[in-house]
Structures are given as C-alpha cells and as structure tokens.
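Trainee: Single-letter residue listing:
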Amino acid sequence: DTGVSQDPRHKITKRGQNVTFRCDPISEHNRLYWYRQTLGQGPEFLTYFQNEAQLEKSRLLSDRFSAERPKGSFSTLEIQRTEQGDSAMYLCASSTLGQVIYEQFFGPGTRLTVL
Amino acid sequence: SQKIEQNSEALNIQEGKTATLTCNYTNYSPAYLQWYRQDPGRGPVFLLLIRENEKEKRKERLKVTFDTTLKQSLFHITASQPADSATYLCASSNTGKLIFGQGTTLQVKP
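First to last, the protein sequences are chains A and B. Heads up, the first sequence is in the numbering used here, so the first residue is 7 and it goes up one at a time. Heads up, the second sequence is in the numbering used here, so the first residue is 5 and it goes up one at a time.
FYI, nobody ran anything at the bench for these hints, they're computed from the structure. Incorrect hints may have been included.
As the list claims (entries may be wrong) - List of simulated lysine-lysine pairs, DSS-like, C-alpha gap at most 30 Å:
| no. | chain 1 | residue 1 | chain 2 | residue 2 |
| --- | --- | --- | --- | --- |
| 1 | B | Lys-113 | B | Lys-67 |
| 2 | A | Lys-63 | B | Lys-63 |
| 3 | A | Lys-63 | B | Lys-75 |
| 4 | B | Lys-113 | B | Lys-21 |
| 5 | A | Lys-17 | A | Lys-63 |
| 6 | B | Lys-63 | B | Lys-75 |
What the hints assert, rightly or not - Anything over 10 Å on all C-beta distances counts as not near chain A; from chain B, calculated:
| no. | residue |
| --- | --- |
| 7 | Asn-11 |
| 8 | Leu-15 |
| 9 | Thr-30 |
| 10 | Tyr-32 |
| 11 | Leu-66 |
| 12 | Asp-71 |
| 13 | Ala-87 |
| 14 | Ser-89 |
| 15 | Lys-101 |
| 16 | Leu-102 |
| 17 | Leu-110 |
| 18 | Val-112 |
| 19 | Pro-114 |
Claimed, not checked - With the C-beta cut set under 10 Å, the calculated list includes, among others, these residues of chain B facing chain A:
| no. | residue |
| --- | --- |
| 20 | Gln-38 |
| 21 | Leu-51 |
| 22 | Leu-74 |
| 23 | Thr-99 |
Virtual Cβ for every residue (Gly too), placed ideally from N, Cα, C.
With the hints as extra help, turn the sequences into a complete structure.
Mentor: This is how it looks when you write it as structure tokens:
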C-alpha cells in the first residue's frame, strides 16, 4: 500500500495523559500536514512540514501540542496533558512540492477520545 | 480572518439529477480552490482543483466553477448515483495548507 498511513487508528486516554500519533506519508512527498476534525466540521489546519522543517503552525495550536518530522519521512504529533476538548479525529496528509499547488493525500486519521 | 463557508444543511436529491454544492469565501482571495469527498470515518479524498484564473474544470461527471467576482465556487455532480452520497468539502489554498469549509452532506436517493 503506497498511501498515507496513520497509527494508531483509535486512541482512548484519560485526561491529563500524554499521547503520540504517527504518520507515514507517501514516500516521495516532501510536504506533510496535520489537521484536526471534530464532528460536523471540516478539517482544521494544525501544522505542516517541508522535508524536516516545520514551516507553519496554527495560532490555535496550544503549546501542549508538538510535532516533529526528524528525517523528513514519518512525522509524530504529541499532545501533552490531554483535555476533553482535544477529542477529535487527527488527520495527516502529504503532497508534492512544486511550482503549483498540488492536491493533498489524506490518511485514515487517528480518532482520539479523552475521558 | 480567512473564511470558507458551505451550506451546512444536507442536500437530498433523486438519483439521476444534478447535485450542485456551493462554497463561498470571505476576507481573502485564494489562488486555488479544491474539492474533496469524505466518507464517514475516513480521510478526505481529492476530487478537483481549480485555479483563480480558470472559470471551469471538468472531470467525468464532476464540474467545478470559480467566480472571483461572486467569491464563490460551485461543484456539480451530473447524473448522480447513490454511491455519490458523502460529505463534500471545499478548501482554499495559497501557500500549501488548506482552509476547509464545514462540508455539505449529499444524499442521493434511488
């Protein structure tokens, strides 16, 4: 399978715990994006990488959230001290970098439930 | 702030008819608009992209328009089928990140 993969698919945690999600993009894609989606809403941008450089981070992203892409391949998103409001679907996407904007390929998402 | 709005009410149509979904943007001028399909519990899947200097784009039964005067994009599915039932997301992009609307759910009845 050459699509975007995410792990785990589901995560249930208690408030206050830390969680980490992983995303493996399509191998030749140098851009990687993280979005968050709640029920009935469209995905909301969190952050994105070009190779290993984090180029933009949403102002909505609190300092409890951190993302890395250490070797320009897979990425991790960590949420520290989770809150119930963090419950959402976390989506990862990847795309090619070029002179024009290309479509993004999304993974299946990680559904987080904070109790 | 940049905003993308879609009709949040579900659209119900009969099989064979044309579905038309609306996307409006305010407070900025996106260089590109993209349309995605999302099925329950899955990630969005890309359908079409249109640039600001393009009026219309087609792909099989799909057509998208981009009206920079009205600040609006229309997405059409002709000869709709029950398998087209899904949520359709409009998204704008200038630099790479996507700003999504809330999506419109389409239900095609046989």
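Trainee: Are the hints correct? Go through all of them and say.
Mentor: Hints, one by one, checked against the model:
no.: 1; hint: Lys-113/B / Lys-67/B; verdict: 21 Å, holds
no.: 2; hint: Lys-63/A / Lys-63/B; verdict: 34 Å, violated
no.: 3; hint: Lys-63/A / Lys-75/B; verdict: 27 Å, holds
no.: 4; hint: Lys-113/B / Lys-21/B; verdict: 10 Å, holds
no.: 5; hint: Lys-17/A / Lys-63/A; verdict: 23 Å, holds
no.: 6; hint: Lys-63/B / Lys-75/B; verdict: 22 Å, holds
no.: 7; hint: Asn-11; verdict: 13 Å, holds
no.: 8; hint: Leu-15; verdict: 15 Å, holds
no.: 9; hint: Thr-30; verdict: 15 Å, holds
no.: 10; hint: Tyr-32; verdict: 14 Å, holds
no.: 11; hint: Leu-66; verdict: 14 Å, holds
no.: 12; hint: Asp-71; verdict: 19 Å, holds
no.: 13; hint: Ala-87; verdict: 20 Å, holds
no.: 14; hint: Ser-89; verdict: 17 Å, holds
no.: 15; hint: Lys-101; verdict: 5 Å, violated
no.: 16; hint: Leu-102; verdict: 6 Å, violated
no.: 17; hint: Leu-110; verdict: 15 Å, holds
no.: 18; hint: Val-112; verdict: 20 Å, holds
no.: 19; hint: Pro-114; verdict: 26 Å, holds
no.: 20; hint: Gln-38; verdict: 6 Å, holds
no.: 21; hint: Leu-51; verdict: 9 Å, holds
no.: 22; hint: Leu-74; verdict: 21 Å, violated
no.: 23; hint: Thr-99; verdict: 8 Å, holds
This entry does not satisfy hints 2, 15, 16, 22, going by the numbered hints stated previously.
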